[in-house]
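J.: This is what each chain is made of:
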Amino acid sequence: MSRKNFYHGAIAGILSALACFIYNRIYLFATEVDFARVLNPAAIIGANLLACMIASIFFGFFSKWFKSKGEIIFSLAFAILSFGSIVIPISISLPLDVKNPELFPGLAVPMHFFPALAWFTTRPLFADHKNAS
Amino acid sequence: MKKFFYPIMATLLIVGSAFTFIKSQDWKIGDDYSVKFTSDDPSGVFQGLKGTITFDDKDLAGSRFDVSVDVATINTGNGMKNTHAKSEKWLDVDKFPTIHFVSSSIAATANGFEAKGTLEFHGVKKDFTMPFTFQNNVFKSSFDINRLDFNVNTAEPAHGASTLKVDISVPVTKA
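Protein chains in written order, with the numbering used here: chain A, 27 to 159; chain B, 115 to 289.
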């Protein structure tokens with residue numbers, strides 16, 4: 027993994043976690059339902075950093091394996107995986123003392139797109155510009 | 115002797131009828147109750163337990179349960195499952211909003227007590243025996259229930275478990 031990819035993953039992870047925190051607060055304000063027991067700050071930071079770092083690692087692999095097509099294939103795969111992962115918050119069973127589980131997908135599903143969003147948003151900062159005219 | 119007959123009878127009648135006013139203890143359902151059901155799939159809880167509990171282990175004849183559970187309060191931990199459970203296909207909350215048990219007799223058993231009565235669930239009334247214990251002001255009961263006996267989604271007997279284990283714990287305070 028290159029230094030550039032590492033920083034890209036780390037910064038995207040931090041931005042993504044920040045977006046999740048903000049969205050979490052907005053959702054709490056809007057619904058007055060607190061899912062902190064299942065979605066606490068440590069879990070948010072950990073999951074976002076993990077997702078973005080793994081994305082950066084695979085971006086490195088894809089760039090090596092598929093050369094110039096690597097970024098296109100990676101972007102497509104990352105988007106599809108993010109979309110597919112929304113099945114998890116929809117199908118997961120929360121602890122029975124957590125109230126209003128119906129509202130949990132509304133909180134967690136958008137968050138599943140934040141790592142990809144942050145990663146793609148910060149991509150221009152870490153792109154190789156040597157071919158740019 | 116004859117002149118004492120009626121006063122004695124009157125006294126016996128008065129003393130005897132006084133015992134008819136001795137009533138079993140009424141209990142108020144505490145907030146920390148739990149009505150859990152478990153199976154391979156699904157598991158969950160009901161909130162919204164209401165009713166009247168009259169129970170005295172020394173006066174089982176005068177003891178009675180009349181309790182109901184609000185079906186709409188079902189929580190399986192998953193919003194999608196909750197919606198499905200409340201739907202017409204399963205519990206049909208709109209048509210059958212409560213699960214209702216009324217006891218007709220309560221008897222002591224080797225392990226505690228058992229309440230015989232009628233359980234109304236999903237519009238089906240059945241004779242039902244609910245074993246229970248009562249210790250430290252907490253009623254506890256565990257029993258199995260087969261959803262197919264109560265016509266719950268009989269079209270899909272293999273969809274999820276048909277027999278569910280129900281565990282009830284109801285702390286009470288004297289009313």
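In short, the hints are calculated from the structure, not lab data.
Some clues are possibly wrong.
To spell it out: a stretch of chain B is covered by chain A in this simulated footprint if at least three of its residues, at any positions, have a beta carbon under 8 Å from a beta carbon of chain A; those stretches are [to be verified]:
id, region
1, 186 to 192
2, 195 to 207
3, 251 to 263
Here are the simulated PhoX-like pairs of lysine-lysine, each with C-alpha atoms no more than 25 Å apart in a straight line [as the list claims (entries may be wrong)]:
id, chain 1, residue 1, chain 2, residue 2
4, B, 240, B, 288
5, B, 240, B, 230
6, B, 116, B, 164
7, B, 172, B, 200
8, B, 240, B, 150
9, B, 150, B, 117
10, B, 230, A, 125
11, B, 164, B, 288
12, B, 172, B, 230
13, B, 240, B, 116
14, B, 230, B, 164
15, B, 254, A, 125
16, A, 125, B, 164
17, A, 30, A, 125
18, B, 254, B, 172
19, B, 240, A, 125
20, B, 209, B, 172
21, B, 200, A, 125
22, B, 142, B, 117
23, B, 203, A, 125
24, B, 116, A, 125
The structure displayed is predicted, hence computed values, not measured ones.
Where a beta carbon is used, it is the ideal one built from N, C-alpha and C, also for glycine.
J.: Are the hints correct? Go through all of them and say.
T.: Taking the hints in turn, this is what the structure says about them:
Given as covered by chain A, the region 186 to 192 of chain B passes the check, having 4 residues with a CB less than 8 Å from a CB of that chain where 3 are the minimum. Counting residues of the region 195 to 207 of chain B whose beta carbon lies closer than 8 Å to any beta carbon of chain A gives 3, which meets the minimum of three for the stated coverage. Counting residues of the region 251 to 263 of chain B whose beta-carbon sits less than 8 Å from any beta-carbon of chain A gives 0, not enough to reach three: the coverage restraint is violated. In summary, the hint linking residue 240 of chain B to residue 288 of chain B is not supported, as the alpha carbons are separated by about 30 Å, beyond the 25 Å threshold.
Only pairs whose Cα atoms come within 25 Å are accepted, and residue 240 of chain B paired with residue 230 of chain B is accepted, the gap being roughly 11 Å. With a CA separation close to 56 Å, the supplied pair residue 116 of chain B and residue 164 of chain B exceeds the 25 Å bound. With a CA separation close to 40 Å, the supplied pair residue 172 of chain B and residue 200 of chain B exceeds the 25 Å bound. Between the alpha carbons of residue 240 of chain B and residue 150 of chain B the distance comes to roughly 21 Å, so the proposed pair stays at or under 25 Å and holds.
Straight-line distance between C-alpha atoms of residue 150 of chain B and residue 117 of chain B comes to about 65 Å, which puts the hinted pair past the 25 Å bound. A C-alpha spacing of about 33 Å is found between residue 230 of chain B and residue 125 of chain A, which places the hinted pair above 25 Å, so the restraint is violated. At roughly 15 Å between alpha-carbon atoms, residue 164 of chain B and residue 288 of chain B fall within 25 Å of each other, so this suggested pair holds. Distance hint between residue 172 of chain B and residue 230 of chain B is fulfilled; the C-alpha atoms sit about 17 Å from each other, no more than 25 Å.
A distance of roughly 55 Å separates the Cα atoms of residue 240 of chain B and residue 116 of chain B; the hinted pair therefore is violated under the 25 Å criterion. A C-alpha spacing of about 19 Å is found between residue 230 of chain B and residue 164 of chain B, which places the hinted pair at or below 25 Å, so the restraint holds. Using a Cα cut-off of 25 Å, the hinted pair residue 254 of chain B and residue 125 of chain A holds, with the two alpha carbons roughly 24 Å apart. With a C-alpha separation of about 19 Å, the suggested pair residue 125 of chain A and residue 164 of chain B falls inside the 25 Å cut-off, and the hint holds.
For the hint linking residue 30 of chain A to residue 125 of chain A, the alpha-carbon distance of about 43 Å lies beyond 25 Å, and the restraint is violated. Among the hinted pairs, residue 254 of chain B with residue 172 of chain B is consistent with the structure: their alpha-carbon atoms are about 18 Å apart, no more than 25 Å. With a CA separation close to 32 Å, the supplied pair residue 240 of chain B and residue 125 of chain A exceeds the 25 Å bound. Among the hinted pairs, residue 209 of chain B with residue 172 of chain B is inconsistent with the structure: their alpha-carbon atoms are about 39 Å apart, more than 25 Å.
A C-alpha spacing of about 16 Å is found between residue 200 of chain B and residue 125 of chain A, which places the hinted pair at or below 25 Å, so the restraint holds. Distance hint between residue 142 of chain B and residue 117 of chain B is unfulfilled; the C-alpha atoms sit about 50 Å from each other, more than 25 Å. For the hint linking residue 203 of chain B to residue 125 of chain A, the alpha-carbon distance of about 24 Å falls within 25 Å, and the restraint holds. Pair hint residue 116 of chain B plus residue 125 of chain A does not hold up; C-alpha atoms about 74 Å apart against a cutoff of 25 Å.
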